[in-house]
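Go ahead and model the full structure; you've got the sequences and the hints to work with.
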Amino acid sequence: MFLWFHKLGSPPHFYRIAGNWLPWLGTIFLLLLVAGLYGGPILAPPDYQQGESYRIIFIHVPSAWMSLFIYIVMAGCGVVILVWRMKIAEIVLISSAPIGASFTFLALATGSLWGKPMWGIWWVWDARLTSELILLFLYLGVIGLHGAIEDKRVATRAVAILAIVGMVNIPIIHYSVEWWNSLHQGPTVTKFDKPSIHWSMLIPLLLMALAFQVYYLLALFQSCRTELLQRERNSRWVEELIAK
Amino acid sequence: MSNSDLLQIDNLACIRDDRVLFEHLNLSLAAGQMLLVEGGNGSGKTSLLRILTGLKLADEGEVLWQGKAIDQLAADYTEQVSYVGHHDGVKRELSCLENLRLVQAMGKPSGVELDEALDRVSLYRYGDTLVSNLSAGQKRRLALSRLIVTESLVWILDEPFTSLDKKSMAGFELMFEQHLAEQGIIVMTSHHDIGMVNADIQRLDLSQ
Amino acid sequence: MNRLSLSQAFIYLLRRDLTLAFRNRAEFANPLLFFIMVITLFPLAIGAVPELLARIAPGIIWVAALLAAMLSLESIFRSDFDDGSLDQLLMSAHPMPLLVLAKVCAHWLVTGFPLLIISPILAEMLGMPQQAQGVLFLTILIATPILSLVGSIGVALTVGLPKGGIILSILVLPLYVPVLIFAASAIEAAAGGLDVSAQIYMLLAFLFLALSLSPVAAAAALKISMS
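Chains as they are written, first to last, in this note's numbering: chain A, 1 to 244; chain B, 245 to 452; chain C, 453 to 679.
Any given hint could turn out to be false.
[Claimed, not checked] Derived lysine to aspartate or glutamate pairs resembling DMTMM-like cross-links, with alpha carbons at most 25 Å apart: (1) A:87 to B:267; (2) A:152 to B:254; (3) B:411 to B:363; (4) C:675 to B:395; (5) A:152 to B:315; (6) B:300 to C:526; (7) B:411 to B:426; (8) C:675 to B:306.
To be clear, the hints were calculated from the coordinates, so they are not data collected in a lab.
Shown next as structure tokens:
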């Protein structure tokens, strides 16, 4: 098992293995997505407080979870890059950033859509949404810094530090924003989980979360393979691949 | 590779953008030897020197000091090295003496008095002059005087003779020869002709 | 001869940077002037309604402080980068985090400390009540060093980049948000006569966290940026 992991660290092997996984990942994703979307928006009973419009949480909440999860993955890659200098970690970090940013944006957009029927306005400064907005800036910072530095080897190591610094700050920012929000008693969009959640809502939610996870792997592998080809374009294994 | 080899370059490669500046570079330097790196502009001389100082990471291979990788030795290696790069490494708004005091504060002082060091590079009268009022040649001499006020085995010098006249050059070449005689090591690039006939010089041409 | 001790090296570098700042006085006056000007813009923009201004004064002053801090950050490493001194510092046998800390201290003394002196005047101009002004002073004292410390990480990551200033703002603003929240809230609470110990303790906690971690992160970032 360990040997397999070690093999994964080598670019040509990663490329091949990731390629093999792609069709499987695609199928699983679609299955989960259909199950989740059916179970949630369609099958689950209307919420006693919020009626039908709450159904958007089936996209909003998993997106928010993913946005945080991916940043944690990026920070983890950052540590691997700085300590062990694994090339694959560099690729995973930089490929994850746009995917994470997209999930963050999706969470913000769905949060906003949720707020509209409830409060009549497109944006509320609730704690979760504000934290997500700051998280979006953290992602944009990573993407921006990587783009701004010309030497991409230097760029990924710089971004590794940024990801780690961001990770340390995320709990601080989250707590600060919660505190700030509690001061002014602003409207809360995402407090649906205050009473314990019924299983008929929980299961589709988890299904959607799982679907998004698989999507992340799918998008990540796709993106990594492309990034890998780009970076290693002068190496032998890529030339052999093209020759075939 | 003999036991007295202090600095070793092992399969070193450096890539910028898509160009391979150099690869499969293997070399060793013993005490008292000098490495003269030649090659046209953009051939990777500065990159090689920066890799040897530990400031830059090589794309492949490693540099060994007394058998250990300099990446791992970190400060244990850099404290033996003095580097004079393209830039002079001195602050314009400070005087010569203030700059040298800082150099000593940051490194290992050599016991040479600052005034005497300035005298050796013909800047004795300029101790309290701000660097912004010096000529290019004078600034370069000040930059090189760090070699006198600190104690280090390895001197890594990137075009040290820029802006210097022949007389100054000859003076510094004597200084370099003495450093080698005292079992030091010098790695240098220069597009001037070097007149150090007594020295044990290895030449490396990167323009292939 | 022996190398200097760590504390001696620290003092040396601190004094060097202060000397440099003193000899470059004009350049370092800019952030302070910017701070004053931004604060002056608000009454012009929203009308000189005393109650309104007094209510949002804490926020205005702190946002202006943040922006002034961001403007001044580049000066921490720029000059050393340009003349090759940064290479020399990186090669010094003294631990880089210590050297970074010395430079950040100098930066705060030159950019944050003047804010401390001028803020009571500006607070008065915005109509901030007396009991809040004391807390304003306290928050600036505790929190502006945090801005310099955390900001130094951002500068270290972008030193040498052509359009570094813009990217620096994006990198550093999210990290400044907690400081802004607690500092502004402390002053507002003080204006209402409420207890501010929670906010002050949080700011102190941030300060100690920044003091211990930022120099290390900034030193690592410098090594990477210069490679």
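Each hint tested on the structure:
Under the criterion of a C-alpha separation no larger than 25 Å, the hint pairing residue 87 of chain A with residue 267 of chain B is consistent with the structure, at around 19 Å. Restraint check: the Cα-Cα separation between residue 152 of chain A and residue 254 of chain B comes to about 24 Å, which is no more than 25 Å; the hinted pair holds. For the hint pairing residue 411 of chain B with residue 363 of chain B, the CA-to-CA distance comes to about 15 Å; that is within 25 Å, so the pair holds. For a cut-off of 25 Å, the pair hint linking residue 675 of chain C to residue 395 of chain B stands: about 24 Å separates their Cα positions.
Taking the CA atoms of residue 152 of chain A and residue 315 of chain B, the gap is near 20 Å; set against the 25 Å cutoff, the hint holds. Pair hint residue 300 of chain B plus residue 526 of chain C holds up; C-alpha atoms about 23 Å apart against a cutoff of 25 Å. A distance of roughly 23 Å separates the Cα atoms of residue 411 of chain B and residue 426 of chain B; the hinted pair therefore holds under the 25 Å criterion. Restraint check for residue 675 of chain C and residue 306 of chain B: satisfied, since their Cα atoms lie roughly 18 Å apart, inside the 25 Å limit.
Figure legend: structure checked against the earlier numbered hints; every hint is met.
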